[in-house]
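Chains as they are written, first to last, in the working numbering: chain A, 1 to 49; chain B, 1 to 225; chain C, 1 to 215.
Just so you know, not all the hints are guaranteed correct.
Said to hold, decoys possible - Below, a list of computed lysine to any residue pairs in the SDA-like style, where the Cα atoms sit at most 25 Å apart:
id, chain 1, residue 1, chain 2, residue 2
1, B, Lys202, B, Val213
2, B, Lys93, B, Ala157
3, A, Lys32, C, Leu5
4, B, Lys93, B, Lys202
5, B, Lys93, C, Leu55
6, B, Lys202, C, Leu5
7, A, Lys32, C, Trp4
8, A, Lys32, C, Ala107
9, B, Lys202, C, Phe155
10, B, Lys22, B, Leu68
11, B, Lys93, B, Val16
Unchecked claim - Across the chosen pairs, the derived CB separations fall in these ranges:
id, chain 1, residue 1, chain 2, residue 2, range
12, B, Gly52, C, Trp103, 33 to 43 Å
13, C, Trp99, A, Arg25, 29 to 39 Å
14, C, Met1, B, Arg5, 50 to 60 Å
Hint data in this document are derived by calculation from the structure and do not stem from the laboratory. Glycine included, each C-beta is placed from N, C-alpha and C at the ideal position.
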Amino acid sequence: MTADHWGFVAAAYIVAALALGGYWRRLVHMEKNLKTPTLRSARRRSGAR
Amino acid sequence: MSFARRTFAVVWKDVVVERRSKETVTAVLFFSVLLLFVFEFTLGGDRDRLTGVLPGLLWLAVLLAGLLGLGRSFVLERDNDCWEALLLTPGDKGAVYVGKLLGNLLLMGLVEVIVLALFTLFMNVDVARAMPGLLLVLLLGTLGIAAVGTLFGAMTAHVRARELLFPVLLLPVLVPVLLAIVKSTDALLAGQPLGSVDHWLKLLVAADVIYVVAGLLTFDVLLEG
Amino acid sequence: MTRWLGIVALVAVVAGLVMSFGVAPRELTQGNVQRIMYVHVPAVWVAYLAFFVVLGASVAYLWSREPGADRAAHAAAEVGVVFLGVNIATGAIWGKPTWGTWWTWDARLTSVAVVFVIFIGYLLVRRMTDDPERGARFAAVVGIVGALNVPLVHFSVYWWRTLHQPPTFMKPGPSAAPASIRAALLVNFAALLLLGAYFIAKRYTLLRAEQEAAA
Chain A
1 MTADHWGFVA AAYIVAALAL GGYWRRLVHM EKNLKTPTLR SARRRSGAR
Chain B
1 MSFARRTFAV VWKDVVVERR SKETVTAVLF FSVLLLFVFE FTLGGDRDRL TGVLPGLLWL
61 AVLLAGLLGL GRSFVLERDN DCWEALLLTP GDKGAVYVGK LLGNLLLMGL VEVIVLALFT
121 LFMNVDVARA MPGLLLVLLL GTLGIAAVGT LFGAMTAHVR ARELLFPVLL LPVLVPVLLA
181 IVKSTDALLA GQPLGSVDHW LKLLVAADVI YVVAGLLTFD VLLEG
Chain C
1 MTRWLGIVAL VAVVAGLVMS FGVAPRELTQ GNVQRIMYVH VPAVWVAYLA FFVVLGASVA
61 YLWSREPGAD RAAHAAAEVG VVFLGVNIAT GAIWGKPTWG TWWTWDARLT SVAVVFVIFI
121 GYLLVRRMTD DPERGARFAA VVGIVGALNV PLVHFSVYWW RTLHQPPTFM KPGPSAAPAS
181 IRAALLVNFA ALLLLGAYFI AKRYTLLRAE QEAAA
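Let the hints inform the model, and build the full structure from the sequences given.
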C-alpha cells in the first residue's frame, strides 16, 4: 500500500491557510489604517510640521 | 494624410534616425557576437549537445538582442521631448502603432539575419535546408514579438524602472510565440517538412492576430498624456 | 454586506475541510496525499475566474473610464495571484512525495507558472507608474493582453509537452473519480469561490476608500 505522507498533506493545507489568512490579515490591516488616521496624517491635518 | 502615408512617415523617420546614429544596430551586432562566444565557451565542448540546443540558442540570441532594440523603440521620443508630436499625429493613432511595429520588424529582421549568418558561419548550422519554411516561421514569429514589444514599449517608456519592467512584461506573454518558433525551427533544421509544424504555424497566426488587433485597439490609450 | 459574504465563506471553508478529510475516501492509487487536490485544484479554478474578471473589468475600464471598473480589475488581479500562488505551492508540496520532485516542467505546472508571472507583471505595472490614472490605463492594457494570452499559453505548453512525447505522469487529480471525490471537489470549489469573492469585494471597498481619502 502506498505511503500516506500526512506530513505533506498538513504542509500543503498549512501553506494554503497561511497564504489566504495572510492576505485576509493584510486586508484587515489596510482597513484599520484607513479608518483610524495615522499619527502622521493627523499631524498634517492640524497644520503642525 | 492617409493611414498608409502616416505609417510610412513614422517608419521612415525611425529608419533615417537609426541610419544616422547606428546605435541600436551596433549594440545588437556586438551583443550577438558576444552571445556566440559565450555559447561556444559553455557548450562547445560537446558538439552533439550544442547541435541539440541550437534552435533554442538561436532564438535566445534573437530575443535578447531584440529586447535591446524593442525596449528602446520609444525612448527617442521620450528623451527628446517628442512625445507630444506623436500625440498630435492627426487621426487614428493606429498609424503610429503600425509604423513603429514595421520599424521594429525591420530591426528584428536585421537581428535575425545577423544571428543566422553568424550561426551558419561559426556554428556550422545548415540553414538552407530549412529554408522557405524557416522564412515563414521567422516572419510569423517576429510579427508576434514586435506586436507585443511595440505595445509594451510604448507603455514602459513612461514608467519607472523601464529596463526592468519591459522584459518582465514582455517575456511571459511571449512564451507561446517562443515555444512555437523554437519548436518549428528545431523541426525544420532537422530536415522535417513544413507540414509537420502546421499546428505551431496556426498558433502563431492566432497569436499574431490577437496581438495586432489588441495593439491597434489599445495603442491610443497608451499614448494619452 | 461584505461581512456576511465573509461569514458564509468561512462556513463553506469549514464544510470543505470536512468533505476533504471526513467524507472523501482514501484514494486508491495515491493514498491520502491525494487530499491535497481538494485545495490545489479549486484554487486554480478560482484564480482563472478572477483573471477572467480582470479581462472584463479592463475592457470595461478602457471603454467607460469608470474608476469602479479599474478597482474591480485591480482587486480581482490581486486575489487571482494569491489563489494561483496557493495552487502552485500546494502543487509542489503534492509533487514531492508523488513524483519525487518539487517541480517538473509538465504542461499544467508550466502554464500556470507563466500565467502567474504575467499577472505579477500586471500588479507591478500599477506599482511602478507614478500617475494613478495612467497606471490604471496601462494595467488595463496589460490585463487584456495577459488574459487573452492565457489560452495561447495553455495550448502551446500542452503541445510542447505531449506531441512526440508520451505522457509520462498521471494527470494530477482524480480522473474517473467516484462521486464522493467529485463532491468534495465541488464543495471546496464553492468554498474557495466564496472566499475569493469576499476578498475581491473587500479589496474593492478598500480601493474605493483609499481613492476617496486621497481626493
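Please name the hints from earlier in the document that this structure breaks, with their numbers sorted from lowest to highest. 4, 6, 8 and 12
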